[in-house]
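Peer 1: Residue strings, one per chain:
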Amino acid sequence: MRKICQKTMMALCLWFGFAVSAADAQVLVEQGKIKVSLEPGQKVADTLTIHNTGSDAADLNLYFEDFRYVEPFLGKKDFFSAGTVDHSCSPWINFYPQTVHLPPFAQKKINFTINTPSDASGGYYCVLFMEKTIVDGSAGAGGEGSKAGLTILSRVGTLFFVETNARIKKVSVGGVKADGKTISGTLTNQGDVTLVITPLFYIINSSSGVPVDRGELEKLYVPAGSTAGFALKSSSEISDGQYLAVLTFDLEDGVSAVSEIEFQKKGPLYTVISAK
Amino acid sequence: MKTVKFSFIALIGIAIIALGATAVIADQGSFGINVNIKKSAAIQFVVSRVQGTTWTANNNDLNFGTLLYDGVNGIFYSPFYYAIDIGTTGDGAGQPDDISFSYTPGTNPNQGTTLGGLGVKGSLTVVKTDGANDALLNKVLLSKVASIGTLDKSQFTGGWPRLYVGIWDGNPTTSTGDADEEVFTPADNPGDYSGILLVTAVVN
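From first to last, the protein sequence lines are chains A and B.
Sequential numbering from 1 applies to the first sequence in the working numbering.
Sequential numbering from 1001 applies to the second sequence in the working numbering.
Here are the simulated DSSO-like pairs of lysine-lysine, each with C-alpha atoms no more than 30 Å apart in a straight line:
#, chain 1, residue 1, chain 2, residue 2
1, B, 1128, A, 233
2, A, 76, B, 1153
3, B, 1144, A, 33
4, A, 219, B, 1144
5, A, 35, B, 1153
6, A, 181, B, 1153
7, B, 1139, A, 219
8, B, 1128, A, 76
9, A, 219, B, 1153
10, B, 1153, A, 33
If you only want the chain A side, here are some residues facing chain B, beta carbon under 10 Å, derived:
#, residue
11, 74
12, 131
13, 156
If you are wondering where the hints come from, they were derived from the structure by calculation, not from laboratory data.
Predicted model, so just to flag it, every value in this text is computed and none were measured.
For glycine and all other residues, C-beta sits at the position ideal for the given N, C-alpha and C.
Let's have the full structure, built from the sequences with the hints guiding it.
Peer 2: Here is the structure:
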């Protein structure tokens, strides 16, 4: 059976390196995330800026969708049609223009207005997409037999985080346990906004009071009412003994929560003594 | 614009150095310094058509054209495939954390038959490349690109994401291994097979 070995072709092609001229149209949105804190009923107007940093003109369609961070809450998002997810702010935001022609190396300001309802409470979220067709596979069809073409659309987004001033930022830590050299637990968002959490830690020797390790864990993106896991693994070898791990969960806007975990290390095993 | 931004970043750098120096003079303790650079998102594509050892810049379409017939094996095939390099480095902080894919079927002359459309006859391969070497990350049917999930920028340290898009020709070494995968054969209805691949880039 005659077959074309694409893998071999790829390997041969790569000998030529990456010396391929570019179909160059890059869309850059300056504000990847817009976070505002408002009183219910308040209106604000602002702008965001998009650039075409490429040498080809770009035509963009702008539209809203909703998004939601999904498990394990490390930043991955699912996207939904605008206004279909609880606590969507897309119905409140007007923007102009909705289509944009960007000549090479040009920029354009997008005006938007946020009209917060008077009964708003907590956090509301949506994403404004700027979409461009980079390749259109529908062109060139014709002739006999089967033909195939793929159209590729690319889009960059600006995330909107609209929260009321009286928002609640609160977490609880639970399920702390040791598994080999890892101490893990869960973090539940008990507030009414999506929390972007930076967990910081330091470990001190309970006997000497000397710090033996410190660092930062992976950021967590936890919607209200959701629970995410965290795992603390010491980056350095520590000797047998009793230790206190102090975890500070930075919830942004000057809010943080602290958890203290006392544990013992004996040989390769860690045992949690207490957690509060 | 780049000059202005570079100057701004340079000024921040100078400010950090000056602040650090002041701190050292004032006290020998340690100090935390926070600098918040606006987090932008950008995405750039370089599309190439690959045929044999020839890479050709491809500006306008990702069209496999009229497929060729291999009478010996009784299949239709495309003599080329596409490589799409994704650039995510913008001005300074212009790196989206999160790149994801979705596929929407287009025209499918096999509609109503047991045979599938482009979604099961084409595949997407995601690699981390440095221009000389590829490290395979994912290889899936076009119809299942959503299963790739999110590509995080940390996966591409020392390289960049590259996508290969091709029509399967029955070669086991280029197969996705998916039980649903199909080749074009004379049993397929003639016509235009199409679909839309959506690439999304956002920050976290």
